[in-house]
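Enquirer: Spelled out, the chains give:
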Amino acid sequence: MQSLQIVYFAWLRERIGLPRETWETKAETPAELVAELAAREDRYALAFADLSAVRVALDQELAEFDASLAGVREVAFFPPMTGG
Amino acid sequence: MQSLQIVYFAWLRERIGLPRETWETKAETPAELVAELAAREDRYALAFADLSAVRVALDQELAEFDASLAGVREVAFFPPMTGG
Amino acid sequence: MGDLQIRVQEAAFDPGALLSDFDQLAARSGAGAVVTFTGLVRDLPGGGLHAMEIEHYPGMTEKALTAIAEEAAGRWDLGPVLILHRYGLMRPEEPIMMVATASAHRAAAFAAADFLMDYLKSRAPFWKKETTEAGDSWVAAKAEDEAALDRWRQG
Amino acid sequence: MGDLQIRVQEAAFDPGALLSDFDQLAARSGAGAVVTFTGLVRDLPGGGLHAMEIEHYPGMTEKALTAIAEEAAGRWDLGPVLILHRYGLMRPEEPIMMVATASAHRAAAFAAADFLMDYLKSRAPFWKKETTEAGDSWVAAKAEDEAALDRWRQG
Chain C
-11 MQSLQIVYFA WLRERIGLPR ETWETKAETP AELVAELAAR EDRYALAFAD LSAVRVALDQ
49 ELAEFDASLA GVREVAFFPP MTGG
Chain L
-11 MQSLQIVYFA WLRERIGLPR ETWETKAETP AELVAELAAR EDRYALAFAD LSAVRVALDQ
49 ELAEFDASLA GVREVAFFPP MTGG
Chain Z
30 MGDLQIRVQE AAFDPGALLS DFDQLAARSG AGAVVTFTGL VRDLPGGGLH AMEIEHYPGM
90 TEKALTAIAE EAAGRWDLGP VLILHRYGLM RPEEPIMMVA TASAHRAAAF AAADFLMDYL
150 KSRAPFWKKE TTEAGDSWVA AKAEDEAALD RWRQG
Chain X
30 MGDLQIRVQE AAFDPGALLS DFDQLAARSG AGAVVTFTGL VRDLPGGGLH AMEIEHYPGM
90 TEKALTAIAE EAAGRWDLGP VLILHRYGLM RPEEPIMMVA TASAHRAAAF AAADFLMDYL
150 KSRAPFWKKE TTEAGDSWVA AKAEDEAALD RWRQG
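Residue numbers (the numbering used here), protein chains in the order written: chain C, -11 to 72; chain L, -11 to 72; chain Z, 30 to 184; chain X, 30 to 184.
Just chain C, same shape as in the assembly (with noise of 0.2 Å):
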């Protein structure tokens, strides 16, 4: 087991209802992480439905669904970026 922060952003953010948690996962990828949050309730099902809008970074850096979760200690999720 591995203790990742998770953290939320915009609509993400929103529609789970939190910025932040702590998550106790055997996930070994960003993929598996967010298959077993889905299933935990539907706020997560809804907001994961479409995964080409979500994107996520690993330790603050933007990373692939399938990217090993090997020693990292937090995971965001957030939509496409709308800066500048």
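Calculated directly from the structure, the hints in this document are not laboratory data. Hints may contain errors.
Example chain C residues on the side facing chain Z (calculated, C-beta under 10 Å, incomplete) [stated by the list, open to error]:
| hint | residue |
| --- | --- |
| 1 | ALA(-2) |
| 2 | ARG1 |
| 3 | GLY5 |
| 4 | ALA45 |
| 5 | PHE53 |
| 6 | ASP54 |
| 7 | GLU62 |
| 8 | ALA64 |
| 9 | GLY71 |
Sample of chain X residues lacking proximity to chain Z, with all beta carbon distances greater than 10 Å (derived) [said to hold, decoys possible]:
| hint | residue |
| --- | --- |
| 10 | VAL37 |
| 11 | THR65 |
| 12 | GLU99 |
| 13 | TRP105 |
| 14 | GLU122 |
| 15 | ALA163 |
| 16 | ALA170 |
| 17 | GLU175 |
Now the stretches of chain X that chain Z is said to cover, found in silico as 3 or more residues with beta-carbon under 8 Å [to be verified]:
| hint | stretch |
| --- | --- |
| 18 | 47 to 56 |
| 19 | 67 to 74 |
| 20 | 84 to 90 |
Just so we're clear, the structure is a prediction, and the values are computed from it rather than from any experiment. Every residue gets a Cβ at the ideal spot worked out from N, C-alpha and C, and that includes glycine.
For chain C, the structure is supplied; the task is to place chains L, Z and X on it using the hints.
Expert: Below, chains L, Z and X alone, put in the same frame as chain C:
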């Protein structure tokens, strides 16, 4: 015969030694005018020795050396521009 | 490599004051060309924008902007580089962000500023939300912004 | 078409003060993107530049700059456009000139500023002379500046 104001800038002005003069001419194009001026004195011949380094404007609009001088009042000769 | 200035702040800022300071730094670095981009809060096409709120990811934001500035400094021969981006609440017509680049010649200064903006748009963790009488809505990312990154992937 | 501001002056100017005013005009015109270019007097590669003197063609200069600004405003959907260019004597590190463009989106603001600079370089009647201890010399035009105009001739 046509009376032209001829103006010179940058190193053309310096080589010819004056910024502006009035000139009576039968030249029909800037190229004919240049030939006429170059025949006057060495300083003109020197200034116009390499026409690839000279630009011409007719009544303050860039023009070609074979453009018509009909109706023109001011002819300017100067090197390629270097603003910015 | 010139001085890289990265600022992420809630406070309003004055692009003119930043440019005055930046031009002095640029001139001292031997630059002859300075390019700036300023992003302003724009009203909606039909009007009615009350405010824009920008959320960001503290920690990652600074890292992402630094990485983008370093990438630009590696691609072009630059003097100082500035990236400033606000978060929080702002009103229509207020400046949101600014980038500034300096180089000996104009082509590099233009290309670097254009590059910084393309990467910042799609790779720095900022999210805009628009507030109107009818409610709040998150600004959607544009496919053209993602596509703009392809311009920098070859050559 | 937005407001076109063309200024040809001997006096020094403050790019920051110009940008502050321009941003306000731009914001009121509905622009979300402002791009500026500032040209600075750059020392020679080995140092030793005492001054730069810029000669221009009064009358034609204003016409040429207006024509270039109008051409840009016809090609892109722009808010205000500013072109300011000094003539006369200036010292190293001083601002020589500035252009500013505004548009709803960044691509048009960048392209228009880049276009203005390319045309201004090769089509506006300014000539630079550098003064050093060894004497004065007229700056030669660069073939690459003329070639840069080809970028805008198609598409």
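Enquirer: If a hint holds in the structure, say so; if it does not, say that too.
Expert: Hints versus structure:
no., hint, verdict
1, ALA(-2), "4 Å, holds"
2, ARG1, "8 Å, holds"
3, GLY5, "15 Å, violated"
4, ALA45, "6 Å, holds"
5, PHE53, "17 Å, violated"
6, ASP54, "19 Å, violated"
7, GLU62, "9 Å, holds"
8, ALA64, "6 Å, holds"
9, GLY71, "3 Å, holds"
10, VAL37, "20 Å, holds"
11, THR65, "5 Å, violated"
12, GLU99, "21 Å, holds"
13, TRP105, "15 Å, holds"
14, GLU122, "4 Å, violated"
15, ALA163, "20 Å, holds"
16, ALA170, "14 Å, holds"
17, GLU175, "14 Å, holds"
18, 47 to 56, "holds (count 8)"
19, 67 to 74, "holds (count 6)"
20, 84 to 90, "violated (count 0)"
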